[in-house]
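Asker: The listed protein sequences derive, respectively, from chains A and B. Residue numbering for the first sequence follows my numbering, beginning at 261 and increasing consecutively. Residue numbering for the second sequence follows my numbering, beginning at 130 and increasing consecutively.
Incorrect hints may have been included.
Stated by the list, open to error - Selected chain A positions facing chain B (in silico; Cβ < 7 Å):
hint, residue
1, ILE280
2, GLN419
3, GLU477
4, PHE581
5, THR602
As the list claims (entries may be wrong) - Pair ranges (Cβ atoms, derived):
hint, chain 1, residue 1, chain 2, residue 2, range
6, A, ALA402, B, LEU254, 24 to 32 Å
7, B, VAL265, A, ASP658, 43 to 51 Å
8, B, PRO263, A, ASN769, 24 to 32 Å
What the hints assert, rightly or not - Each computed SDA-like pair below joins lysine to any residue, with the alpha-carbon atoms no more than 20 Å apart:
hint, chain 1, residue 1, chain 2, residue 2
9, B, LYS145, B, ASP269
10, A, LYS480, B, GLY215
11, B, LYS145, B, LEU201
12, B, LYS145, B, SER258
13, B, LYS145, B, GLU211
14, A, LYS480, B, ASP195
15, B, LYS145, A, GLU598
16, B, LYS145, B, PRO268
17, B, LYS145, B, GLN200
18, A, LYS480, B, ILE212
19, A, LYS480, A, GLY273
20, B, LYS145, A, GLU816
21, B, LYS145, B, SER157
22, B, LYS145, B, PRO238
23, A, LYS480, A, ALA269
24, B, LYS145, B, ASP195
25, B, LYS145, A, TYR410
26, B, LYS145, A, ARG599
27, A, LYS480, A, ASP660
28, B, LYS145, A, GLU591
29, A, LYS480, B, THR216
30, B, LYS145, B, TYR214
31, B, LYS145, B, PHE194
32, B, LYS145, A, ARG605
33, B, LYS145, A, HIS597
34, A, LYS480, B, GLY175
35, B, LYS145, B, GLY240
36, B, LYS145, B, VAL156
37, B, LYS145, B, GLU209
38, B, LYS145, A, PHE274
What the hints contain is simulated information worked out from the structure, not anything from laboratory work. Each residue gets a CB set at the ideal place from its N, CA and C atoms; glycine is no exception.
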Amino acid sequence: MSAGDQELARDLGFLEAYTIGLGTMIGAGIFVLPSIAANQAGPASMVSFFFGGMVSLLAALSLSELATGMPKAGGSYYYVNRALGPFFGSIVGWGMWAGLTFASAFYMIGFGQYFLSGLGSYIPLLAESELGITVAALVMAAILTGVNYYGVKETGSLQNVIVLSLVGLILAFLALGALSGPTISEFNPSGWPAVAATIGTVYVSFIGFEVIATSAEEIKNPSRNLPLAMIAAVVTPTLMYIGVMWISTGTLSIGALDASNIPVADVAAEFLRGFASVIPFVSVSPGVLGAVGSIAMIVGAVLATISSANASILSAARVNFAMGRDQILIEWLNEVHERFRTPYRSITATGIITLVLIAVGAGIGTLAEVASFMYLITYALVHVAVVVLRRAEPADYDPDFRIPSVLYPFVPILGALACLAVLFQMVVSFEPMVLLAESVVGVEIALPFTISVVGIIGIGIIIAGIAWYYAYARDRAPSQSLVGDAIAPEPAPATGNEGQYRVVVPVANPETERDLLRMAAASAHAHEDDSAELIAVNVIEVPQQTSLSQDVAFEEERVESQQELLSAARDIASELDIGLRTRAIVGRDTGSVILDVIEEEDADHVFLGWAGSRSTREHVLGSTIDPVVGRASCDTTLVKLGPAGTPGEGDVMVLAGEGPHSPVAARRAAEFVATAGDDATLTLLNVQQPAEEGDEESAQERGEALIDDLAERAGIEFMQYDREVVVAEDIESTILDVATDYDTICVGATRSGPVTQAVFGSVPETVGEQVDRTVVMARGPEESTMSIREAIARRLST
Amino acid sequence: MSDSLFRRVVVPIASKDDARATTRALVSQNSVPETVVAVHVIEKAGGAPDKASVEQRERDTEAMFDIVRTQLSGYDVDLETEILYGTDVAETIVEAGHDLDASAIVFTPRGGSRWIRLLAGDVALSLISESDLPVVVLPDEPEVEDE
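Isolated chain A, as found in the complex (with noise of 0.2 Å):
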C-alpha cells in the first residue's frame, strides 16, 4: 500500500482523537466513582485522583512515544510484545483484553445504576434495585454488543456533540457548584493510606486514553496529534474529577454519597436548591430546580457509561486483532464477517464475557478494581518497552514524538514504579491472611500479609497469561524480544572479537540442513570448543509492493515451515552438542538480511549453502549468495554437497593453490577432518605445469614445496596430511578429473572484493559446479573490513 493510501486511512484529527479519548475518560468513573471514593478517603479522595492522573500522564508520555514509532492497532500490547517478546505480550494481551471487559462491566453497572435510581425516583415502574440494576446492566450491554457485531454507522460529528455536551454539563456542575460555596469539614477523615488505597479504586477512569493508542492506525499526523491528544485526554478528566470531588465531598456529607447509587445527580440537586431564589422573574420551587439539575445529570451519566463501554467493546476487538496478528490468539477470533465488516467474533466474545461479569454481581468497586489493576500491569511493562526499544533501536523504530531529553530516564522509571506502588498497596496489605485454620490441622497456616481479592483475580489473570503462552503462544508466536539487544552493551568496535566464535547458518532447504548445520559446527568447534555457537537464519522474503505484516498473513505455510525449519536445527544442534540460537525473520531481501545478521551478530562466519548451479546473468551464483560472499566481512563459506556420503567425512582434498584464500580453504579442510577424526584423511593437492628447461627444482618438488608452505600459513602444519602434485598441462582439466577421487574438495577463493563475472574465482566455481562431490568453497573475511585480529593473526604467522 502506497503512503497516500495510508493517508486515506486516516481520518481522525486532534479533535476527534482528543474526544475519543475524553468519551472513554469521562464515564462511569466521573458519576459513580465519587460515592466510592468519599466512602475510602473522604475529601481527600481529590490527591488521590490527583496521583491517579500523574501515573497517568507519565504513561501517555510512554505511550506516545511508542505509538508514533509504530502507529498500528492493539496499543500497548503492541508495543509490549515488540519490546520484549510474547511472554510479556501474552500476560499484557490478555491483560488488556480481561482489563477491558471488567471495565465495561463496570461502566454497564454504573449505567443500571443511574438509569434505575436516576429515573426510578421519576418514573415508580423503574424502582431501584440490585435486581433491576443488574437487568439493565445486561440489557445495555447485550445492546452494545449488538450494535457492534452489526457495525451500525456511529458518525464522528455523533461522538463530538455527546462528548462535548458532556464536557460542557460537567463544566456547568463545576461552576455552579463552585458559586454555591462548598464547605469541606475534615478534609482528611480516614488518613493517608486510605488515600493512597483509594488511587487504585479510581485508577479505572484513567484508562480510557488507551483508546487512543489502540486507534493509532487511524490518526492523521500522529506525530503531532497522538501524543496531544493523549495528554490532553489525561490533564483534562482528571481536573474534571478533582473538581467534582470537591464539590461533591462539599455539598453532602460522606454518609449521604456514599449511601447514594448517584452521586453526582443527589449532588447537582442539593446545590441547585440554593440557586432558587436568585432565579429572575419566574419563581421555581427549589425541588423542582433541583429535580431538573438531577435529571440532566442522570442523563449525561446514561450517556457517559454508554460511550465508555462502547468504545471498550471496540478497544477489545482491536487488541484481539493485534494479537492474532502476532499468533498469539487464534486467527478464528479475528474473522471479518462477511456483510457487516467487523470482528463479530471478537466482539460476541468480549460481549459474553461482559454479561458473564456482570451477572455474577461481583461488585462495582471489585470490578473497577481489576481492571484498574490489569492496565496498571500493562502501563508498568509499557514503560519498560520504551526503555527497552530506545536501547536496542530496531532499525524500523523511530518515533516522531520522544520524551523529552531531561526527562527520559525519569518518566518511564518512575512511571514503572508508581504503577508498582499503587499496585503493591492494591494488592498487599500487612495483616496476617490464615490460609488454614487452627481448627483444621492443629496448627495455623498463616501468611504475614494478606492478598486482597482484587489482587488474586488479577494474578490470577496473569497465571493464565503465562499458562496461554507456554500452552499455545510459545510454539507459534515468532520471538522477537528486543530485550536481549538492549542489555547487550554497545556493540563493541571491530579492535578485538574475543568471545564467541560465531557461525551464521542460512537455512531454507530442510533436506539440506543437517549437512550444513554439521558442517558449520565442525568448523565452530575447531575454534573454541566450550562457548561456539550456530545461529541459523531463516528468511521470509516478502516482495517489495506488500507490507510486511500483510504478507505474514497470507503465508502461514511458509511461517509454518520456516518454524519447522528452525525447530529442526534446535534439534539438530543439540544432536551435535553445540549451541544454537534461530532467527526467524521477515525482509524484502533474503541477501541484505543475511548481510545485517552478520553485522548485528558480530559474526566469525558464515555457511551458505549452494545448489550447484549457475543463476541469471544478473546474479552469478545467486541473488542471495552473490551479495553476501562478496560483502561479508567474515569468514565465508560455501558449500555445494555431493550426491553421496557425510560431507566432510573420508578424503579431504584441498585445493593448494597460490590464492589469497587458499589457507582459509585449507583450514577448513582441517576442521572437517579434525572432528570426523579416523573417519577422515587430508591431503594437500597442487597441480603443477611441468618444469620449463632450466629450472633448478622440479615441478615435483615446487608444489611439494607450494603445500608445506601453505599448511604453515594455514596453520595446520601440526596435521597429518599428504601431499599430492600433479604434474600436467590443462590445470583446470586436471584438476577436475583428479576431484573425483575424493570425497569433499576444498578450493579457496581465488579473487576477492565484488565482482561481476566470478564471484569465488573461475576456478572454485567451475570445481562447484563440474564436480560431482561435496565441494567447499571458502574465502576470508572481506579485504577492505579486514579485523584487527585477522590483520594480527597474518603479521605472526607470517
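Given the structure of chain A, go ahead and fit chain B onto it with the hints provided.
Answerer: Below, chain B without anything else, positioned relative to chain A:
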C-alpha cells in the same frame, strides 16, 4: 471493443463470498471485460473509532483480491486492484470510477433480507440511484460443483 461498456470496469467487491460470486458472474458473460479494476471500500467512521481495525480489514481485502486473481487467472483479462477508503461506500466507488477512468461499474447483487440491508446499508441501491457512470448489474451465477 475499445469503446464498449466492458473496456475498463470497476468491480466493487464486498466480501470474500462476494468476490467468488462476482468473478464467476464476470467470466460467464459473452464478452469478458478487457480490464477489471477490483475495488473494496474500507468504510471509515469519519471521526469516531471505526467498527474494525483498518489493518484488519485491509488484510481481509487482500484475501478477497486473491480470490478474484485466482479465478480470473485463466482468462484474458488485465486485473488491477485498489483499496478505497470512505465514509459512504457507494459514493466512494463512483468517485473511484471517475478517477480510474472506468467505462462502467459492474457488480452482482448480494440479496439479503430487508432487515439485513437496513443494518448493512443498501449499497447496491445507492450505486444504481447515485452513479453518473454506467452501472451493470450481473446476475449471480450458480456455483459450479467441481470448482
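Asker: The structure should be examined with respect to each hint, and the outcome stated for every one.
Answerer: Outcome of the hint check:
Interface restraint check for A/ILE280: the shortest CB-CB distance to chain B comes to about 6 Å, inside 7 Å, so the restraint holds. For A/GLN419, the interface hint holds, the least distance from its beta-carbon to any beta-carbon of chain B being 4 Å, beneath 7 Å. With 7 Å as the threshold, the beta carbon of A/GLU477 comes within range of chain B, its nearest partner Cβ sitting at about 5 Å, so the hint holds. Given hint, A/PHE581 at the interface with chain B, holds; its Cβ is 5 Å from that chain's nearest Cβ, closer than 7 Å.
About 5 Å separates the beta-carbon of A/THR602 from the nearest beta-carbon of chain B, less than 7 Å, and the hint is met. A hinted range of 24 to 32 Å holds for the C-beta pair A/ALA402 and B/LEU254, which are about 30 Å apart. Between B/VAL265 and A/ASP658 the Cβ separation comes to about 47 Å, which falls inside the hinted range of 43 to 51 Å. Separated by about 53 Å at the C-beta atoms, B/PRO263 and A/ASN769 break the suggested range of 24 to 32 Å.
With a CA separation close to 14 Å, the supplied pair B/LYS145 and B/ASP269 stays within the 20 Å bound. For the proposed pair A/LYS480 and B/GLY215, the alpha carbon gap of about 15 Å is at most 20 Å, so the pair holds. Between B/LYS145 and B/LEU201, the direct Cα distance comes to roughly 15 Å. Compliance with the 20 Å bound is thereby established for this hinted pair. As the CA atoms of B/LYS145 and B/SER258 are separated by approximately 25 Å, the hinted pair breaks the 20 Å bound.
Simply put, B/LYS145 and B/GLU211 have alpha-carbon atoms about 15 Å apart, close enough for the 20 Å limit, and the pair holds. Taking the CA atoms of A/LYS480 and B/ASP195, the gap is near 29 Å; set against the 20 Å cutoff, the hint is violated. Taken as a hint, the B/LYS145 and A/GLU598 pair is honoured in the structure, with Cα atoms around 7 Å apart against an allowance of 20 Å. This hinted pair checks out: B/LYS145 and B/PRO268 have alpha carbons roughly 17 Å apart, not beyond 20 Å.
For the given pair, B/LYS145 sits about 12 Å from B/GLN200 by alpha-carbon distance, which is consistent with the 20 Å threshold. For the suggested pair A/LYS480 and B/ILE212, the alpha carbons sit about 18 Å apart, so the restraint of at most 20 Å is met. Taking the CA atoms of A/LYS480 and A/GLY273, the gap is near 5 Å; set against the 20 Å cutoff, the hint holds. In summary, the hint linking B/LYS145 to A/GLU816 is supported, as the alpha carbons are separated by about 18 Å, within the 20 Å threshold.
With a C-alpha separation of about 19 Å, the suggested pair B/LYS145 and B/SER157 falls inside the 20 Å cut-off, and the hint holds. In summary, the hint linking B/LYS145 to B/PRO238 is supported, as the alpha carbons are separated by about 14 Å, within the 20 Å threshold. Distance hint between A/LYS480 and A/ALA269 is fulfilled; the C-alpha atoms sit about 9 Å from each other, no more than 20 Å. For a cut-off of 20 Å, the pair hint linking B/LYS145 to B/ASP195 stands: about 9 Å separates their Cα positions.
Proximity of B/LYS145 to A/TYR410 is assessed by CA-CA distance (about 18 Å); at most 20 Å being required, the pair is judged to hold. Simply put, B/LYS145 and A/ARG599 have alpha-carbon atoms about 10 Å apart, close enough for the 20 Å limit, and the pair holds. Simply put, A/LYS480 and A/ASP660 have alpha-carbon atoms about 13 Å apart, close enough for the 20 Å limit, and the pair holds. Distance restraint check for B/LYS145 and A/GLU591: the Cα-Cα separation of roughly 16 Å lies within the 20 Å cut-off, and the hinted pair is therefore satisfied.
Of the supplied pair hints, the one linking A/LYS480 and B/THR216 holds, its CA atoms being roughly 16 Å apart against a limit of 20 Å. Straight-line distance between C-alpha atoms of B/LYS145 and B/TYR214 comes to about 18 Å, which keeps the hinted pair within the 20 Å bound. In summary, the hint linking B/LYS145 to B/PHE194 is supported, as the alpha carbons are separated by about 8 Å, within the 20 Å threshold. Simply put, B/LYS145 and A/ARG605 have alpha-carbon atoms about 17 Å apart, close enough for the 20 Å limit, and the pair holds.
Pair hint B/LYS145 plus A/HIS597 holds up; C-alpha atoms about 10 Å apart against a cutoff of 20 Å. Between the alpha carbons of A/LYS480 and B/GLY175 the distance comes to roughly 11 Å, so the proposed pair stays at or under 20 Å and holds. Taken as a hint, the B/LYS145 and B/GLY240 pair is honoured in the structure, with Cα atoms around 15 Å apart against an allowance of 20 Å. Between the alpha carbons of B/LYS145 and B/VAL156 the distance comes to roughly 17 Å, so the proposed pair stays at or under 20 Å and holds.
Using a Cα cut-off of 20 Å, the hinted pair B/LYS145 and B/GLU209 holds, with the two alpha carbons roughly 17 Å apart. With a C-alpha separation of about 35 Å, the suggested pairing of B/LYS145 with A/PHE274 is violated against the 20 Å cut-off.
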